[in-house]
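Number of protein chains: 2
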Amino acid sequence: MAIRYGIIGTGALGGFYGGMLARKGHEVHFLFRSDFEHVHRHGLKVDSVNGNFHLPEVNAYPSVSRMPVCDVILVCLKTTGNHLLPELIKPLLHPGTVVVLLQNGLGLEETLSARLPGVQLAGGLAFICSNKIGPGHIHHLDYGKLIIGSHNVLDPEILKQVAEDFLEVGVHAELSGDLRFARWQKLVWNVPFNGMTVVLNTTTDRLIADESARALAYEMMLEVIRGANQCGVPLKESLAQQMIDMTIKMKPYAPSMKLDYDFRRPMEIEYIYSKPIETALKAGFVMHKISVLEKQLRFIQANH
Amino acid sequence: MAIRYGIIGTGALGGFYGGMLARKGHEVHFLFRSDFEHVHRHGLKVDSVNGNFHLPEVNAYPSVSRMPVCDVILVCLKTTGNHLLPELIKPLLHPGTVVVLLQNGLGLEETLSARLPGVQLAGGLAFICSNKIGPGHIHHLDYGKLIIGSHNVLDPEILKQVAEDFLEVGVHAELSGDLRFARWQKLVWNVPFNGMTVVLNTTTDRLIADESARALAYEMMLEVIRGANQCGVPLKESLAQQMIDMTIKMKPYAPSMKLDYDFRRPMEIEYIYSKPIETALKAGFVMHKISVLEKQLRFIQANH
Chain W
1 MAIRYGIIGT GALGGFYGGM LARKGHEVHF LFRSDFEHVH RHGLKVDSVN
51 GNFHLPEVNA YPSVSRMPVC DVILVCLKTT GNHLLPELIK PLLHPGTVVV
101 LLQNGLGLEE TLSARLPGVQ LAGGLAFICS NKIGPGHIHH LDYGKLIIGS
151 HNVLDPEILK QVAEDFLEVG VHAELSGDLR FARWQKLVWN VPFNGMTVVL
201 NTTTDRLIAD ESARALAYEM MLEVIRGANQ CGVPLKESLA QQMIDMTIKM
251 KPYAPSMKLD YDFRRPMEIE YIYSKPIETA LKAGFVMHKI SVLEKQLRFI
301 QANH
Chain Y
1 MAIRYGIIGT GALGGFYGGM LARKGHEVHF LFRSDFEHVH RHGLKVDSVN
51 GNFHLPEVNA YPSVSRMPVC DVILVCLKTT GNHLLPELIK PLLHPGTVVV
101 LLQNGLGLEE TLSARLPGVQ LAGGLAFICS NKIGPGHIHH LDYGKLIIGS
151 HNVLDPEILK QVAEDFLEVG VHAELSGDLR FARWQKLVWN VPFNGMTVVL
201 NTTTDRLIAD ESARALAYEM MLEVIRGANQ CGVPLKESLA QQMIDMTIKM
251 KPYAPSMKLD YDFRRPMEIE YIYSKPIETA LKAGFVMHKI SVLEKQLRFI
301 QANH
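Those protein sequence lines, which keep their order, are chains W and Y.
The opening residue of the first sequence carries number 1 in the working numbering; numbering runs sequentially from there.
The opening residue of the second sequence carries number 1 in the working numbering; numbering runs sequentially from there.
In case anyone wonders, no lab produced these hints; they're calculated from the structure.
Keep in mind that a hint or two might mislead.
The list treats identical chains as one, so a pair stands whether inside a single copy or across any two.
What the hints assert, rightly or not - Here are the simulated DMTMM-like pairs of lysine to aspartate or glutamate, each with C-alpha atoms no more than 25 Å apart in a straight line:
| hint | residue 1 | residue 2 |
| --- | --- | --- |
| 1 | LYS282 | GLU211 |
| 2 | LYS45 | GLU278 |
| 3 | LYS275 | ASP260 |
| 4 | LYS78 | ASP142 |
| 5 | LYS24 | ASP165 |
| 6 | LYS160 | ASP260 |
| 7 | LYS24 | ASP205 |
| 8 | LYS132 | GLU278 |
| 9 | LYS275 | GLU211 |
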């Protein structure tokens, strides 16, 4: 059975992953906001490090009311819009629909589940450098791996098929048996580097080259790992040094929160900072250092 | 016996306090750097909230080699120049000289004492808003209280006389019996507001009006107080809320570190951040939050 995909939020992520599926003939329905008219006329363009492509005709919609129900909904919005999700998702549901939150942070599925009880949810983590550079125009710079894990999916087969679909179209997709582990693991890098590039108005290469900033990033990584451990998620402390070493080798990079800051968009403070801090605290662990960054970001958000 | 004063560093502080003494006929010898020529010709000007004055002729020197030995040396340099102090102070010493470090931070007297063993040291804390606005031109905006305490002064009478001299010329000077207490107490305000105005590139009024920044300032104040307590300095935790309430009532203010940042001068990170962090750590207390700020400031110092 072929999966019918819905993409909520066709930007840097949704445009790339949905485009990769549509390009090879999968049925994909894309929700757009401001780019709808442009894509309706000119299609979707993806400039990818693995080869550029152009989809002259895609199933593009300006609102969910016109979209069909879908088997798998990939939510590719920024988490700053998650309060809108119930209204965006409900019209696309059939009894077997699985919603995959392709978003960073913690507590996403729990928060949405409380508002959409009974709906099958999964989470996805995208390890990718991709930006939207114009209307319906995505620039995929590097990487692309996708890790997907179930939150409360009843039949594991559907996630397997999603992973197979992605592999078939050239996206390195993996299933994780432990979504919480995968989410915490990604936070180990995201927590120090998203916030610090914003607060210090810089890029990852300058942070990692500076002794103090590198030490601080390492200490915050340890705080994430120890918070995770306290919540029963067995991340190893050695991961912190691995992430530091990896970042030393990375090209200069502005994480998504830095781009949000630069373009004066809301930042994903809630799910990348506040939820992990709250979750660890409930388990008895105080994230002292990370809570400094969280409060600094909230000040910047309110005063930028 | 009249005290002969030497001022090392005639800027916002040295120009004001030394000027107040000289104005009423005390013997004061001022060390200048770049302003020497200007003051030699035009004298020293102080625009003060308590009344402007101009000293057409002051004992101005371009280097310590021409200065006479002094009874009391008021060190009014930024602590970022403290590695120069032994060479600046030695030529001015006689057996009874007392050196008063009118500087913020912790460990100042200990560090200097190791390089000038046997020299009598005291510390001073200036509660003042004062800026240098031109060559030999000081603008005293508000306040002015001076707290002075002995580090290893043999005869307490000389500090009493210094305080009396200041009171006589209109400076509210007090002696503290516990210099460490006074230094830690001043850090309770300086630590959060100096660093946060720099890292968040703002002023005290905007920080204190923001819920997150205010909470963070309060938490850092508590960290200073608890660090002090662990070092045997009995600051009360209630001081944190008092300082917050006081800051709410203050006019918009850029602390000295913010001015240093704005004018691309070195910041006083060592004695306001690193020494308190080290000192508390030796006593077994980890200043988690303040060490985040310290490392951010070090990054900014190196990359600004």
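Right, here's what the structure says about each hint:
{"no.": "1", "hint": "LYS282 x GLU211", "verdict": "between (33 Å within a copy, 22 Å between copies)"}
{"no.": "2", "hint": "LYS45 x GLU278", "verdict": "neither (40 Å within a copy, 55 Å between copies)"}
{"no.": "3", "hint": "LYS275 x ASP260", "verdict": "within (19 Å within a copy, 36 Å between copies)"}
{"no.": "4", "hint": "LYS78 x ASP142", "verdict": "within (20 Å within a copy, 47 Å between copies)"}
{"no.": "5", "hint": "LYS24 x ASP165", "verdict": "within (10 Å within a copy, 88 Å between copies)"}
{"no.": "6", "hint": "LYS160 x ASP260", "verdict": "neither (33 Å within a copy, 58 Å between copies)"}
{"no.": "7", "hint": "LYS24 x ASP205", "verdict": "neither (36 Å within a copy, 57 Å between copies)"}
{"no.": "8", "hint": "LYS132 x GLU278", "verdict": "neither (32 Å within a copy, 46 Å between copies)"}
{"no.": "9", "hint": "LYS275 x GLU211", "verdict": "between (29 Å within a copy, 18 Å between copies)"}
Of the hints listed earlier, those the structure fails to meet are numbers 2, 6, 7, 8, in rising order.
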